[in-house]
Amino acid sequence: MNLKLARDNGAATDAERRLASPLAVRGLTVSYGQKPAVFSVDMTVRAGHMTAIIGPNGAGKSTLLKAALGILKPLAGTVTVLGQPVAWRRDHIAYVPQRASVDWDFPTRVIDVVLMGMYGQLGLLGRVRPRHRAQAMDCLERVGMADFATRQIGQLSGGQQQRVFLARALAQGADLYLLDEPFAGVDAATEQAIITVLKGLRDAGKTVVAVHHDLSTVRDYFDDVFLINTQAVAEGPVETTFTQENLQTAYGGRLAGAQMDALAETLSGTSAR
Amino acid sequence: MSGSEFVPLSLVPMLIGVCVAVACALPGNFLLLRRQALIGDAISHVVLPGIVVAFLLTGIVASLPMLLGAAGAALVAVAAIEAIRRLGKIEPGAAMGVVFTTMFAGGVLLLEMSDTSAVHLDVEHALYGNLESLIWLDATGWSSLWDPQALAYLPVELPRMAGALGLVALFIAVFWRPLKISTFDEGFARTMGMQTGPLGLALVVVAAIAAVAAFDAVGSIIVIAMFICPPAAARLMTNRLETQVAWSVVFATVAAVAGYVLAGYGPLWLGAADSVSAAGMIATVSGVLVAGAALMGPARR
Ligand SMILES: Nc1ncnc2c1ncn2[C@@H]1O[C@H](COP(=O)(O)OP(=O)(O)OP(=O)(O)O)[C@@H](O)[C@H]1O
Ligand SMILES: [Mg+2]
Chain H
1 MNLKLARDNG AATDAERRLA SPLAVRGLTV SYGQKPAVFS VDMTVRAGHM TAIIGPNGAG
61 KSTLLKAALG ILKPLAGTVT VLGQPVAWRR DHIAYVPQRA SVDWDFPTRV IDVVLMGMYG
121 QLGLLGRVRP RHRAQAMDCL ERVGMADFAT RQIGQLSGGQ QQRVFLARAL AQGADLYLLD
181 EPFAGVDAAT EQAIITVLKG LRDAGKTVVA VHHDLSTVRD YFDDVFLINT QAVAEGPVET
241 TFTQENLQTA YGGRLAGAQM DALAETLSGT SAR
Chain R
1 MSGSEFVPLS LVPMLIGVCV AVACALPGNF LLLRRQALIG DAISHVVLPG IVVAFLLTGI
61 VASLPMLLGA AGAALVAVAA IEAIRRLGKI EPGAAMGVVF TTMFAGGVLL LEMSDTSAVH
121 LDVEHALYGN LESLIWLDAT GWSSLWDPQA LAYLPVELPR MAGALGLVAL FIAVFWRPLK
181 ISTFDEGFAR TMGMQTGPLG LALVVVAAIA AVAAFDAVGS IIVIAMFICP PAAARLMTNR
241 LETQVAWSVV FATVAAVAGY VLAGYGPLWL GAADSVSAAG MIATVSGVLV AGAALMGPAR
301 R
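Chains as they are written, first to last, in the UniProt record's numbering: chain H, 1 to 273; chain R, 1 to 301.
Isolated chain H (complex conformation) (with noise of 0.2 Å):
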């Protein structure tokens, strides 16, 4: 009976909120050696919604987001990204790594690596097109990169390579972004030209997903968190789930209290908006 009430109140069938789930994981578990480093998560993104992913280093955050692109064989469970596996919907993800791997010394200029977030569009033989530079030098504008646009990749400083990877990360074109630690490194005025752009996408329909680190930022920039430590440990809207209580879960009590009374006031400043 109670059960009945529940789904004449709206509530969606698991199956039907992982359909319209533009990232759903179920059931995942992840290990690269004998100790999983992600066991038997389940997530549902929002669509249209910023999501922070946040938990204590070695939570397992990078490797999440790893698995739900396919980068890493899970040894259990399911990725659907709009319902269907991820490998049939890599045109939609764009993914910006916490460190980039990338050969700094590689001779290529900052909108060349811009371009190559083009691939999907371009394929193997399609001519690079005036618009398709315009389209790149658009996304370099867009984080404040247009004035480097024919440096050599390795000649940038760290948040300016940042930058030009979020860059190519727009070039993609992509519905669901997942972005690993975008702010780590960066100037105060970087992030808030990178938090720009993501309320952009945002507000443009797309779905951003971040890992993120600084808790006391969490509720100016983000509608949903994700708390991990290992195993899921709580998900929702910020109001309802970014609180004390979830969050020394997720941290196993590790917070310094200091951090914790910082924390509280910005949670409880915002609750009483």
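Calculated from the structure, these hints are not laboratory results.
Where hints are given, some of them may not hold.
To give an idea of the chain H side of the interface with chain R (calculated C-beta under 10 Å), a few residues [what the hints assert, rightly or not]:
#1 A100
#2 D105
#3 G117
#4 L122
#5 G126
#6 R129
#7 R151
#8 G154
#9 Q155
Derived, one-sided and incomplete: chain H residues facing chain R with beta-carbon distance under 7 Å [said to hold, decoys possible]:
#10 L69
#11 V102
#12 P107
Just so it is clear, CB atoms sit at the ideal spot from N, CA and C, and this is done for glycine as well.
Knowing the structure of chain H, use the given hints to seat chain R with the ligands on it.
Using the frame of chain H, we list chain R with the ligands on its own:
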């Protein structure tokens, strides 16, 4: 020099030299960027056991079985290098070192144990090849290029090498984008759904084909030098892959032509009587080009 002298004596070796140089330099660009440039060295070592096995199986010293034996050995080596690199998680340079020394040593042992002493498999030939001997005696001048009868006696190495060059160029043209992206950022290439493993393997196999085809005509010195020197010099000229590859073709061509001419006439100009090995001179010129680029290249670091 008149056409009646140049065409029969120098044109064919020069063209073969250019084909070899470009066919090795093209994949060399990617191998160099992937830090696998020593694969040329590896392949020219492993062809020895291939040639010995081919001789033991057929009992004759002929070009085709030896070429097939060399190709077979190169493929075995490539597979072994990939397997060691993946399974042992060893860096490519070390994996190549393990495989080519083992296979080369195996070749020497095979040679000693079997009764090949009657056959003269000489070291000098393996190193320098016989570029100068690939003359086209049926040619009488430039007009022979349109004469089917003379063309029928064109040294077989030329069409064989031109074919290898065509194959290499076609592979690189078609897979240009995946090769570029996966060499620069393999993780990203995989998120785009590229099969980076098979692609890397295909690149090495194509390089092996070029090396084996070249080995027979020109020996291993040029092969090793052309995989590394023109791309290395070209890298110092530019920060764009497209431009780098274009420069590497220019450098390879210059090295082949200038090396051949210098080998033939350089000693005479210096007052000596004999000419020197064309293969050795071509390799030397390519080394000089690298030195020049290292001193003056606009993109040197
Ligand atoms: N390539 C690897 N080989 C072996 N173990 C790994 C590898 N990558 C990660 N791990 C382990 O898996 C666990 C999860 O790592 P992961 O990189 O997913 O953590 P994370 O949540 O992204 O951490 P961080 O906040 O430091 O980026 C860690 O215990 C880590 O040591
Ligand atoms: Mg991480």
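* Violating hint indices (sorted, rising) -> 6
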